[in-house]
Amino acid sequence: MGSQSPLVEKKSYLKDTTAFTISELDQIREQFPILGRLTASGAPLAFLDNAASTQRPLAVIDAMSDCFRRYYANVHRGIHTLSEESTAAYEQARRTVAEFINAASDREVIFTAGATASINTVARTWGDANLGRGDVILATIAEHHANIVPWHQLAERTGCKVVFLPITSEYTFDDTVVKDHLARLQPKLFAFTAVSNVLGTKTPVRRWAQLAKSFGAVTLVDASQATPHEPIDVQSLDTDFLVFGGHKMCGPTGIGVLHGKQQLLEDMPAFLGGGGMILRVTTEGFEPAELPDKFEAGTPPIAEAIGLAAAANFLTGLGLERIAAHEHALCKIADQGLREMQGVEVIGPDASQKGGIVSFSIDGVHAHDIAQELDHLGIAVRAGHHCTMPLHRWMKKTSTTRASFYLYNRPQEAERFLEAIELVKTKFTRSGRRRRQRNPQ
Amino acid sequence: MSSEQDIYEEHVLDHYEDPYHRGDLEKATHSHEADNPLCGDVVHIDLRIDGDEKIQEAWFSGDGCVISQASASMLMETIEGKSLEDIRNFTAEEMLALFGPKLTPNRQKCCLLSWRVLQSAIHAPVDDLPPDNEDGPDVHFGGPSLSEET
Numbered sequence: 021m022g023s024q025s026p027l028v029e030k031k032s033y034l035k036d037t038t039a040f041t042i043s044e045l046d047q048i049r050e051q052f053p054i055l056g057r058l059t060a061s062g063a064p065l066a067f068l069d070n071a072a073s074t075q076r077p078l079a080v081i082d083a084m085s086d087c088f089r090r091y092y093a094n095v096h097r098g099i100h101t102l103s104e105e106s107t108a109a110y111e112q113a114r115r116t117v118a119e120f121i122n123a124a125s126d127r128e129v130i131f132t133a134g135a136t137a138s139i140n141t142v143a144r145t146w147g148d149a150n151l152g153r154g155d156v157i158l159a160t161i162a163e164h165h166a167n168i169v170p171w172h173q174l175a176e177r178t179g180c181k182v183v184f185l186p187i188t189s190e191y192t193f194d195d196t197v198v199k200d201h202l203a204r205l206q207p208k209l210f211a212f213t214a215v216s217n218v219l220g221t222k223t224p225v226r227r228w229a230q231l232a233k234s235f236g237a238v239t240l241v242d243a244s245q246a247t248p249h250e251p252i253d254v255q256s257l258d259t260d261f262l263v264f265g266g267h268k269m270c271g272p273t274g275i276g277v278l279h280g281k282q283q284l285l286e287d288m289p290a291f292l293g294g295g296g297m298i299l300r301v302t303t304e305g306f307e308p309a310e311l312p313d314k315f316e317a318g319t320p321p322i323a324e325a326i327g328l329a330a331a332a333n334f335l336t337g338l339g340l341e342r343i344a345a346h347e348h349a350l351c352k353i354a355d356q357g358l359r360e361m362q363g364v365e366v367i368g369p370d371a372s373q374k375g376g377i378v379s380f381s382i383d384g385v386h387a388h389d390i391a392q393e394l395d396h397l398g399i400a401v402r403a404g405h406h407c408t409m410p411l412h413r414w415m416k417k418t419s420t421t422r423a424s425f426y427l428y429n430r431p432q433e434a435e436r437f438l439e440a441i442e443l444v445k446t447k448f449t450r451s452g453r454r455r456r457q458r459n460p461q
Numbered sequence: 017m018s019s020e021q022d023i024y025e026e027h028v029l030d031h032y033e034d035p036y037h038r039g040d041l042e043k044a045t046h047s048h049e050a051d052n053p054l055c056g057d058v059v060h061i062d063l064r065i066d067g068d069e070k071i072q073e074a075w076f077s078g079d080g081c082v083i084s085q086a087s088a089s090m091l092m093e094t095i096e097g098k099s100l101e102d103i104r105n106f107t108a109e110e111m112l113a114l115f116g117p118k119l120t121p122n123r124q125k126c127c128l129l130s131w132r133v134l135q136s137a138i139h140a141p142v143d144d145l146p147p148d149n150e151d152g153p154d155v156h157f158g159g160p161s162l163s164e165e166t
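Those sequence lines, one after another, are chains A and B.
Sequential numbering of the first sequence, starting at 21, is according to the working numbering.
Sequential numbering of the second sequence, starting at 17, is according to the working numbering.
Among the clues, some could well be false.
For lysine to aspartate or glutamate, the following DMTMM-like pairs were computed, each having C-alpha atoms within a straight-line distance of at most 25 angstroms [to be verified]: (1) LYS281(A) - GLU307(A); (2) LYS43(B) - GLU96(B); (3) LYS70(B) - GLU33(B); (4) LYS416(A) - GLU25(B); (5) LYS416(A) - GLU69(B); (6) LYS447(A) - GLU96(B); (7) LYS281(A) - GLU304(A); (8) LYS445(A) - GLU96(B); (9) LYS417(A) - ASP370(A); (10) LYS233(A) - ASP253(A); (11) LYS447(A) - GLU26(B); (12) LYS208(A) - GLU250(A); (13) LYS447(A) - GLU69(B); (14) LYS417(A) - ASP194(A); (15) LYS118(B) - GLU190(A); (16) LYS98(B) - ASP30(B); (17) LYS118(B) - ASP69(A); (18) LYS445(A) - GLU73(B); (19) LYS43(B) - GLU25(B); (20) LYS417(A) - GLU360(A); (21) LYS445(A) - ASP79(B); (22) LYS118(B) - GLU69(B); (23) LYS447(A) - GLU49(B); (24) LYS447(A) - GLU33(B); (25) LYS445(A) - ASP22(B); (26) LYS43(B) - GLU26(B); (27) LYS416(A) - ASP155(A); (28) LYS208(A) - ASP155(A); (29) LYS416(A) - ASP51(B); (30) LYS417(A) - GLU69(B); (31) LYS445(A) - GLU26(B).
Derived from the structure by calculation, the hints contain no laboratory data.
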């Protein structure tokens, strides 16, 4: 690609200022060694697939490496130096994460294998214990499959049903419709995402949690796309359950968090059975351990918890408000640029109502061809249904393409992305090609 | 800047824009359709197979990415005049070779959709019950499924 694009000069996308200065951004990027690599085509990498998974800073890589190099052993009950040090680090990680979301107590923070495992835990314990035939679970149509399938499975087991909250044609939610659904259906559970992983739409978590409470519904918030980007305070939001994963917020894979209000978690039966989650076991049965161990059967993800805590500290150190402002500025550049292009449709609300996610489609070009060609130009995006088949069906689309920005992306990458989209459009525009005779092989 | 082959070679784009036998075949004796649900690619194939077990005519229709549609066109162009024996012996590797540019495991699925449909179509006479395995031969290619992400 040319170093100077007439497109950019013309539209001056860069007039928007981002929250990090150029030199701050340079320093941030130095913390992420992977960002310096090239893609298979030899182009410099512009990583815009952050809503799927983010990259790891040195702080996280080093914290995990340090654990393995210096003090790793199984946690709890080990009466030796390494086990005691590992246990201390693991429990410190829990306190760090509790502080990160302002949990009332670190006993409310359950480490799981990921956001998906967190939701499944709630479905299999609280769900099985509290829902029955005819009961309703309300979820939004924009949920990720992780916040749909466990409820479908629960419905199969118990006879309850899942009802979906519609979205407006502007890709936002109407509070009157929410209120109407809560009043009419009297759901036992209201499960909703804090930020749609496709549309970027933010939901009013605190307001919906209050509404749900007033109608007697328990709330479960999928904060997977929120914790990496904005401050979360579970006490102020007053959610019953809130879940997120580590790998979307600079942390490791294989770890997630289930936050629940202490009373709810205490009333829930244990889920996975095994070592670590019991007080005592006899030939007749078992007595579960106290929180949080009750829900952490087996050897937990020790180094991953330590890595997640390092990620939380890294984000807090940069300042989540500044991270949000930075991503928002980049999103605005991309969103605005795409909206000005002929034949391109932005799938999502106005940039003012979202964080760092911009999904779109190009007339007559399949999402996978867009992603493939962008990769050729060094730009990583995501194409497909993004684990939101019901939403795509509602939109009457089989797939969309998504660019998602994070704290380490440069404004120049948003600009490069827009130039690349112009190239993609040109490449796949029908130009009266004729099929040729194949050369004999 | 590129050290990588462009999978959208000229002849691929030519087939995408000017496909061979895209449409329905009224006098089809055999027919099958399948999709890749994760990306939404669909390919339908109509065949006219004569008494000597030769493919007299092959037509396709469908919707999807450049790879899935261009490869279907290339396949139709290749199989007319071939015997059912030839089709049965036509491997997935040969299909990928017919397409040309090297595909990553994720995109091989797109290219192999029409091959999969063809392998089922020769066992699916029109006006007959669909075969037991609606999605064709139980063969898996490539890495993790496209689009199954979080």
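Consistency of the hints with the structure:
Between LYS281(A) and GLU307(A), the direct Cα distance comes to roughly 21 angstroms. Compliance with the 25 angstroms bound is thereby established for this hinted pair. Pair hint LYS43(B) plus GLU96(B) holds up; C-alpha atoms about 15 angstroms apart against a cutoff of 25 angstroms. With a C-alpha separation of about 28 angstroms, the suggested pairing of LYS70(B) with GLU33(B) is violated against the 25 angstroms cut-off. Distance restraint check for LYS416(A) and GLU25(B): the Cα-Cα separation of roughly 30 angstroms exceeds the 25 angstroms cut-off, and the hinted pair is therefore not satisfied.
A distance of roughly 41 angstroms separates the Cα atoms of LYS416(A) and GLU69(B); the hinted pair therefore is violated under the 25 angstroms criterion. Between LYS447(A) and GLU96(B) the CA atoms are separated by roughly 31 angstroms; this puts the pair beyond 25 angstroms, and the hint is violated. This hinted pair does not check out: LYS281(A) and GLU304(A) have alpha carbons roughly 31 angstroms apart, beyond 25 angstroms. Of the supplied pair hints, the one linking LYS445(A) and GLU96(B) is violated, its CA atoms being roughly 34 angstroms apart against a limit of 25 angstroms.
A threshold of 25 angstroms between alpha carbons decides the hint, and for LYS417(A) with ASP370(A) the separation of about 20 angstroms falls inside it, so the pair holds. The straight-line distance between the Cα atoms of LYS233(A) and ASP253(A) is roughly 17 angstroms, inside the 25 angstroms bound, and the hint therefore holds. Simply put, LYS447(A) and GLU26(B) have alpha-carbon atoms about 11 angstroms apart, close enough for the 25 angstroms limit, and the pair holds. Note on LYS208(A) and GLU250(A): the hinted pairing is violated, with a Cα-Cα distance of about 28 angstroms set against a maximum of 25 angstroms.
Of the pairs offered as hints, the one joining LYS447(A) and GLU69(B) is violated, with about 41 angstroms between alpha carbons and a cut-off of 25 angstroms exceeded. For the given pair, LYS417(A) sits about 22 angstroms from ASP194(A) by alpha-carbon distance, which is consistent with the 25 angstroms threshold. Between LYS118(B) and GLU190(A) the CA atoms are separated by roughly 41 angstroms; this puts the pair beyond 25 angstroms, and the hint is violated. Between the alpha carbons of LYS98(B) and ASP30(B) the distance comes to roughly 24 angstroms, so the proposed pair stays at or under 25 angstroms and holds.
Simply put, LYS118(B) and ASP69(A) have alpha-carbon atoms about 24 angstroms apart, close enough for the 25 angstroms limit, and the pair holds. Of the supplied pair hints, the one linking LYS445(A) and GLU73(B) is violated, its CA atoms being roughly 35 angstroms apart against a limit of 25 angstroms. Simply put, LYS43(B) and GLU25(B) have alpha-carbon atoms about 34 angstroms apart, too far for the 25 angstroms limit, and the pair is violated. For the proposed pair LYS417(A) and GLU360(A), the alpha carbon gap of about 21 angstroms is at most 25 angstroms, so the pair holds.
A distance of roughly 18 angstroms separates the Cα atoms of LYS445(A) and ASP79(B); the hinted pair therefore holds under the 25 angstroms criterion. For the hint linking LYS118(B) to GLU69(B), the alpha-carbon distance of about 32 angstroms lies beyond 25 angstroms, and the restraint is violated. The suggested pairing of LYS447(A) with GLU49(B) is violated, with an alpha-carbon distance near 29 angstroms, which exceeds 25 angstroms. As the CA atoms of LYS447(A) and GLU33(B) are separated by approximately 12 angstroms, the hinted pair is consistent with the 25 angstroms bound.
Taking the CA atoms of LYS445(A) and ASP22(B), the gap is about 16 angstroms. The hint holds against a cut of 25 angstroms. A hinted pair counts as satisfied when its Cα atoms are at most 25 angstroms apart, and LYS43(B) with GLU26(B) does not qualify at roughly 33 angstroms. With a CA separation close to 29 angstroms, the supplied pair LYS416(A) and ASP155(A) exceeds the 25 angstroms bound. Taken as a hint, the LYS208(A) and ASP155(A) pair is honoured in the structure, with Cα atoms around 7 angstroms apart against an allowance of 25 angstroms.
With a CA separation close to 17 angstroms, the supplied pair LYS416(A) and ASP51(B) stays within the 25 angstroms bound. For the proposed pair LYS417(A) and GLU69(B), the alpha carbon gap of about 40 angstroms is over 25 angstroms, so the pair is violated. Taking the CA atoms of LYS445(A) and GLU26(B), the gap is about 16 angstroms. The hint holds against a cut of 25 angstroms.
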